[in-house]
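J.: One letter stands for each residue in the lines below.
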Amino acid sequence: MDQSVTLKIDGRDVTVPAGTTVLEAARMAGIEIPSLCNHARLLPAGLCRLCLVEIEKVRGLQPACASIVREGMVVHTDTPAVQHNRRMVLELLCTNHPLDCPVCDAAGDCRLQDYVFRYGRTTSRFVEEKRRKGKAIRLGPAVILDQERCVLCQRCVRFCEEVLDDRQLAVFQRGASSRISTMPGAVFDSRFSGNVVDLCPVGALTDRTFRFKARNWELTGLPSVCALCPVGCRMTEEGREGRLLRVRGREAPEVNDGWLCDLGRTGYGFTEHPNRLRHPLVRRDGHLEPASWDEALTALARGFGAVIEKAGPRAVAVLGSPRLTNETAYLLTRLARALGTGNVDYRLGTAAPAPAQATLSDLRQAEVILLFQGDPSEEAPILELWVKQAVKRGGRLYIVHPRTLALERYATGAYRPRPGSEAVLIAGILSMLEQGKPGSLPLEWREAVSGLGPTQVASLTGCDREAIRLLAEALVGSPRAIIAYGAGLRDEQTLALVAALAKATGARLLGWDGGPNSRGVADMGLLPDRLPGRAPLADAAATAALERLWQAPLSCQPGLSATELWPEMRRGEVRALYVAGADPVTQAPNPQLVEEALAHATFVAMQEAFLTPTAERFAHVVLPAAVPGEEDGSLTNLAGGVGWQRALIAPLGEARPSWRIVADVAKALAAPGAWEYADAAQVLAEIAQAIPAYAGVEVVTTGGYFDARYEYEYALTDQPPAAPAPARVAGTGDLALTTGPVLFDRDIMARHAPGVVGRAAEAFAAIHPEDAERLGITDGAPIEVRGLFGALTLKARVSGACAQGTVFVPEELSELSVNRLGAQPGVVVMVEVKPLAVRPD
Amino acid sequence: MPFSEAAQRELQEIIQRYPDKRSAMLPALAIAQREQGYLTPEAYRWVAEALDTSPTWVASVASFYTMLRKEPAGRYLIQVCTNLSCSLLGAKPLLDHLRQRLGIDVGETTPDGLFTLTTVECLGSCATAPVMQVNDRYYEQLTPERIDEILAGLRREAGTCGDDRTAEGHS
Chain F
1 MDQSVTLKID
11 GRDVTVPAGT
21 TVLEAARMAG
31 IEIPSLCNHA
41 RLLPAGLCRL
51 CLVEIEKVRG
61 LQPACASIVR
71 EGMVVHTDTP
81 AVQHNRRMVL
91 ELLCTNHPLD
101 CPVCDAAGDC
111 RLQDYVFRYG
121 RTTSRFVEEK
131 RRKGKAIRLG
141 PAVILDQERC
151 VLCQRCVRFC
161 EEVLDDRQLA
171 VFQRGASSRI
181 STMPGAVFDS
191 RFSGNVVDLC
201 PVGALTDRTF
211 RFKARNWELT
221 GLPSVCALCP
231 VGCRMTEEGR
241 EGRLLRVRGR
251 EAPEVNDGWL
261 CDLGRTGYGF
271 TEHPNRLRHP
281 LVRRDGHLEP
291 ASWDEALTAL
301 ARGFGAVIEK
311 AGPRAVAVLG
321 SPRLTNETAY
331 LLTRLARALG
341 TGNVDYRLGT
351 AAPAPAQATL
361 SDLRQAEVIL
371 LFQGDPSEEA
381 PILELWVKQA
391 VKRGGRLYIV
401 HPRTLALERY
411 ATGAYRPRPG
421 SEAVLIAGIL
431 SMLEQGKPGS
441 LPLEWREAVS
451 GLGPTQVASL
461 TGCDREAIRL
471 LAEALVGSPR
481 AIIAYGAGLR
491 DEQTLALVAA
501 LAKATGARLL
511 GWDGGPNSRG
521 VADMGLLPDR
531 LPGRAPLADA
541 AATAALERLW
551 QAPLSCQPGL
561 SATELWPEMR
571 RGEVRALYVA
581 GADPVTQAPN
591 PQLVEEALAH
601 ATFVAMQEAF
611 LTPTAERFAH
621 VVLPAAVPGE
631 EDGSLTNLAG
641 GVGWQRALIA
651 PLGEARPSWR
661 IVADVAKALA
671 APGAWEYADA
681 AQVLAEIAQA
691 IPAYAGVEVV
701 TTGGYFDARY
711 EYEYALTDQP
721 PAAPAPARVA
731 GTGDLALTTG
741 PVLFDRDIMA
751 RHAPGVVGRA
761 AEAFAAIHPE
771 DAERLGITDG
781 APIEVRGLFG
791 ALTLKARVSG
801 ACAQGTVFVP
811 EELSELSVNR
821 LGAQPGVVVM
831 VEVKPLAVRP
841 D
Chain R
1 MPFSEAAQRE
11 LQEIIQRYPD
21 KRSAMLPALA
31 IAQREQGYLT
41 PEAYRWVAEA
51 LDTSPTWVAS
61 VASFYTMLRK
71 EPAGRYLIQV
81 CTNLSCSLLG
91 AKPLLDHLRQ
101 RLGIDVGETT
111 PDGLFTLTTV
121 ECLGSCATAP
131 VMQVNDRYYE
141 QLTPERIDEI
151 LAGLRREAGT
161 CGDDRTAEGH
171 S
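Residue numbers (this note's numbering), protein chains in the order written: chain F, 1 to 841; chain R, 1 to 171.
Don't read these hints as lab results, they were simulated from the structure. Incorrect hints may have been included.
What the hints assert, rightly or not - In silico DSSO-like cross-links for lysine-lysine, where the CA-CA straight-line distance does not exceed 30 Å: (1) F/K392 <-> R/K21; (2) R/K92 <-> R/K70; (3) F/K57 <-> F/K135; (4) F/K213 <-> F/K130; (5) F/K135 <-> R/K70; (6) F/K503 <-> F/K392; (7) R/K70 <-> F/K130; (8) F/K834 <-> F/K795; (9) R/K21 <-> R/K70; (10) R/K92 <-> F/K130.
Claimed, not checked - Which residues of chain R face chain F? A few of them, derived with a C-beta cut under 8 Å, are: (11) S54; (12) P55; (13) T56; (14) S60; (15) F64.
No residue lacks a Cβ here, since even glycine has one placed at the ideal position from N, Cα and C.
Turn these sequences into a full structure, and let the hints guide you.
T.: And the structure:
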C-alpha cells in the first residue's frame with residue numbers, strides 16, 4: 001500500500017501521508033483553511049462549517065477537516081463559493097455572539113475575531129435582539145463559562161469524551177438554544193478541567209484565576225517546564241510587569257502533548273504569596289530577624305567554619321529536596337564533596353527512582369502495564385491520560401495498590417496485597433517464572449525467591465494464586481510491557497525486586513516518587529553513596545574526572561543517608577546542617593528524632609521560599625530562595641526527559657535563584673574550586689561535562705529535547721534482589737496506615753496558590769465502610785488517628801476504595817505534620833482510629 | 001425518591017431489545033419521568049448506570065426533548081396548542097380564559113399543586129381545533145364553557161380518586 005498521496009491544493013502539488021485530512025494537508029503546504037472546531041489532538045467533528053472547500057468532481061462544498069486526501073484530488077480553498085460560505089458562517093455566528101471583545105479574555109487570541117477580520121463581512125445585517133444565554137457560569141473550580149460567546153465547536157465536549165473518557169460536559173437543549181453545560185447542578189470536577197480553556201477557540205471558557213488580569217497582547221511568554229510533579233509537563237509561562245499570570249500547555253508529544261493538569265495550571269499562584277521570604281533571616285537572641293545577604297552569609301560562614309574547625313568536615317551534612325533543579329542539586333553535591341563530607345541526601349522516607357527504561361511515548365503504546373504502588377491520578381496526572389490511551393489501544397493494565405484507584409475501571413487485573421506484603425508479591429512472580437522455566441533467573445536471584453511457592457505467596461499477600469499467575473504470564477508474553485512504579489514504593493529492597501522482575505520479563509521500568517525532580521536530583525549525585533551520574537564512589541575514573549573538572553580533591557567517603565543522619569546528629573557526631581528546600585520536621589519519617597537531633601545541632605542553615613516549621617524553630621540562618629517562574633534551571637522527568645524551566649519574572653524581594661545561593665554559600669565557605677557562574681545555563685553546561693548521561697544536555701536551553709539515558713546496569717540497584725523480609729509491624733492500633741501524595745495540597749509551595757487552596761480537600765483520612773461501622777465512624781465526622789509519634793484530628797472519609805483493615809492519610813496536609821503518624825519505608829504502622837465527639841460550640 | 005422494582009424490571013427488559021444499551025435512552029427517560037413526574041439528576045444517574053454511559057450525556061439528551069420535563073408539574077399538566085389551526089379558531093382567548101380561571105400564568109402551577117399551565121406546538125389534531133392535552137388525554141373543539149366543565153371534572157376527580165396520577169377523564 002502506498003504510504004503517501006499527492007493532491008493539488010490551489011494549483012500546488014502537495015504530497016502528504018495517506019490518511020491525512022485535506023485541512024491538515026493544506027496546513028502542511030502553508031495554506032490556511034479557517035476552522036473553529038478542528039483541533040490537531042481531537043478527532044474531526046465537521047461542526048463549524050468554516051472549513052468548507054471545493055473538491056473537484058465532488059458535488060457541493062466539503063468540510064476539509066473531515067475529508068481524507070485521495071490521490072489526484074484537486075482542492076480549491078479560495079473560490080467565490082468558498083469565500084461566500086465563510087462570510088455567511090461568520091455572519092451567522094456573529095448574530096448571537098455578544099461582540100464584547102473589549103472585556104473578553106480571549107481578545108487578541110481569538111479565532112473568531114481573527115477570522116471575522118480576515119474572512120468576514122465588515123458590516124452586520126442583523127438588527128434583531130440577540131439571544132440571551134448564561135453569563136459567567138462557574139462550571140467548576142478552574143473554569144468559567146460564557147454561553148453567549150460560545151460557538152458550539154464542542155472542542156471542550158470532545159476533550160472530555162476522547163481524552164479524559166469522562167463526559168462531564170455536553171451540549172444541552174437544541175437549535176438556537178443549544179448551550180454547553182454540565183449536568184444540572186453538577187460541577188465540572190476534573191483534574192484536567194483547565195485544558196478546555198486552552199482548547200476554546202473563543203472566549204467562552206475562561207481561566208478562573210486569570211480572568212480579567214491582562215490582555216493577550218500585553219503578555220510576554222516563555223516556554224518552560226512545570227516543576228510540580230515528576231512528569232515535567234511542557235508549558236508556557238505568561239505574565240506582565242513582573243507578575244506571572246498564567247501558564248498554558250505547550251505542544252510536546254514526548255511528554256504531555258499540550259495538556260496540563262489543574263495543579264500545574266493553577267499552582268504557580270505561590271509566586272505572589274504574602275508569606276514568601278523576601279530577605280535573609282539570622283537568628284539573634286533566639287529570634288529570626290531580617291538581615292542583609294552579607295550578614296547572613298558571614299554568619300553562615302562563621303557557623304560552618306567553627307564546626308569544621310572543631311569537628312572536621314564530616315560533622316557537616318547537606319540535605320536537599322526533590323524540588324530542587326538539577327543545577328541546585330549538582331552544586332549542592334559539589335559543595336558537600338568539596339568541603340569533604342559525604343553526608344548528602346534528599347530522601348526523606350523514599351527510595352531514589354531508578355533511571356527509566358521507557359519513554360512516555362512507550363507508555364502510551366504499551367501492550368501491558370503493571371502499575372505498582374503508584375497512583376498516576378494523584379502523583380503524576382498526565383500519566384493517567386497515557387495509561388487510558390494505552391488501554392484504549394488494546395493494552396492491558398494490571399494494578400497493584402492498597403487502594404482502589406480511579407484507573408481501576410480500565411484494569412484487566414487489580415491486586416491488593418496486604419500492607420507490607422507487596423515485595424512478596426513481586427518475589428512470588430519471580431519465583432513463578434523460575435518454576436515455569438528453571439534456570440531463567442540468575443543464580444544469585446534464585447535464592448532470594450526460592451522459598452516462595454505460589455501457595456505461600458497467595459497466603460502471605462491475600463491475592464488469588466491464579467490471578468498472580470495471569471499477571472506473570474502477561475508480563476512475560478508481551479514485548480511491549482512496562483512496569484511503572486509510583487510513590488508507594490519507598491524502599492530500596494522492593495525496588496531491587498521490581499527491577500529484577502523487569503529484567504527477568506523483559507519489561508521496561510518507569511518510576512517516580514512524590515518529588516517533582518527526584519530523578520534529576522538523584523542523577524546529580526545528591527546521595528551519600530553515589531557520585532554525580534550515579535556512579536559508585538569507588539569508581540576511580542569517574543572520581544578523577546570530577547576532581548579535574550572541579551579542581552578540588554574529592555571526598556569519596558560514603559556519608560550518612562538522611563535516615564542515618566539524625567541519630568548521629570543527636571549524638572553530636574554531626575553538628576552543622578545545610579538544608580535546601582526540605583522541611584524535615586514535617587517530612588521526615590521520625591519527627592521526634594529529627595527534632596531532638598536538630599535541637600542538638602550547633603548550626604543549621606536553610607534556603608527556602610517559605611518559612612517552614614524546621615526553619616522557624618531550628619535555623620540559625622535562612623536564605624530566601626526563588627521559586628519556579630523566577631529561576632532558570634533544568635528538571636529531569638520520570639522518563640529521563642530533561643526540560644528547561646525559565647525565569648519569567650525576577651525573584652521576589654531579595655530572594656536569589658537557588659543555584660546561585662549554593663554558589664554564594666560555597667564562596668562564603670571558601671570551598672575549593674571555582675564557583676563563578678554567569679547563569680544557570682553555565683551550571684548546566686558543567687553538568688553536561690560531569691555526567692556522561694547528560695552530555696549534550698545544553699540543547700534544552702534553546703528548546704531542544706534531551707533524554708538522559710543510562711546504560712542498563714544503572715537501572716538496577718547494586719545489590720541483587722534479596723528475599724523480602726517479613727514486614728516489621730509497629731504501633732498498637734488495629735488499622736494499617738497507608739499514605740501517599742494527593743494532587744491538590746501535596747506540594748509545599750503549590751498549597752500557597754489561590755487556585756489550589758480552594759480545591760484542596762479538607763484534611764481527611766479514608767476508611768473502609770465496615771471498619772467505620774465497627775468503630776462507630778460516620779462519613780464526614782471528625783476522627784482521631786493516633787500513630788507512633790502523635791495523633792491527628794482528621795475528617796473521616798468512608799470509602800470502599802480503601803481496603804478493609806487500612807486507613808489512608810494523605811502524605812502532605814497543610815499545617816499538619818502527617819509524619820507524626822510514623823509512616824516509614826518497609827514498616828507497617830498500625831494506627832488507632834477513633835471517632836471524636838463534636839464539641840457543642 | 002427511589003425507583004420502583006417494576007421500573008427497574010421494565011428498564012432491563014427494554015435494554016434487552018437493543019444491540020447497544022444506549023439506544024434505550026429515550027424509553028428509559030420516559031420510565032424515569034413516569035416514576036417521578038419529572039426528571040432529576042437522580043434519574044439521569046439511574047438511567048446512566050443502567051445504560052453504562054455518563055449522567056451528563058443522559059441529561060444532555062433529555063434536554064433536547066420538551067416532552068421530558070425537568071421541573072415538577074402539578075397533578076394535571078395542561079398543554080394548550082397555540083399553533084396555527086388552533087390559534088385561528090381561538091386558542092389565544094381560551095388560553096386567557098384558563099389563565100383567569102386558574103389564576104396562574106403560562107409555565108406556572110396553582111398553589112394547590114393541582115394544575116400546571118403550558119402551551120405546546122401542534123398536537124396533530126387540527127381537524128378538531130382548538131385542542132388541549134391534559135396529562136395523556138386530548139380535549140377537542142374547546143370553548144370557554146367546555147373548559148370550565150373540564151376543570152370542574154378534574155377537581156372532582158382529584159377530590160375523590162385519591163392518588164391516581166394520570167387524568168383518565170371519562171367525560
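J.: Does each hint fit the structure? Answer for all of them.
T.: Do the hints match the structure? See the list:
1. F/K392 <-> R/K21: 20 Å, holds
2. R/K92 <-> R/K70: Given that 30 Å is the threshold and the Cα spacing comes to 26 Å, the pair holds.
3. F/K57 <-> F/K135: 45 Å, violated
4. F/K213 <-> F/K130: 28 Å, holds
5. F/K135 <-> R/K70: 21 Å, holds
6. F/K503 <-> F/K392: Within the cut-off at roughly 27 Å; holds.
7. R/K70 <-> F/K130: This hinted pair holds, its Cα atoms lying about 25 Å apart.
8. F/K834 <-> F/K795: Satisfied, since the Cα-Cα distance of roughly 11 Å is no more than 30 Å.
9. R/K21 <-> R/K70: 23 Å, holds
10. R/K92 <-> F/K130: 27 Å, holds
11. S54: 4 Å, holds
12. P55: 5 Å, holds
13. T56: Holds, because the Cβ-Cβ distance from R/T56 to chain F comes to roughly 5 Å (cut-off 8 Å).
14. S60: Result: holds, 3 Å to nearest chain F Cβ.
15. F64: 5 Å, holds
Of the numbered hints given earlier, the model fails hint 3 alone.
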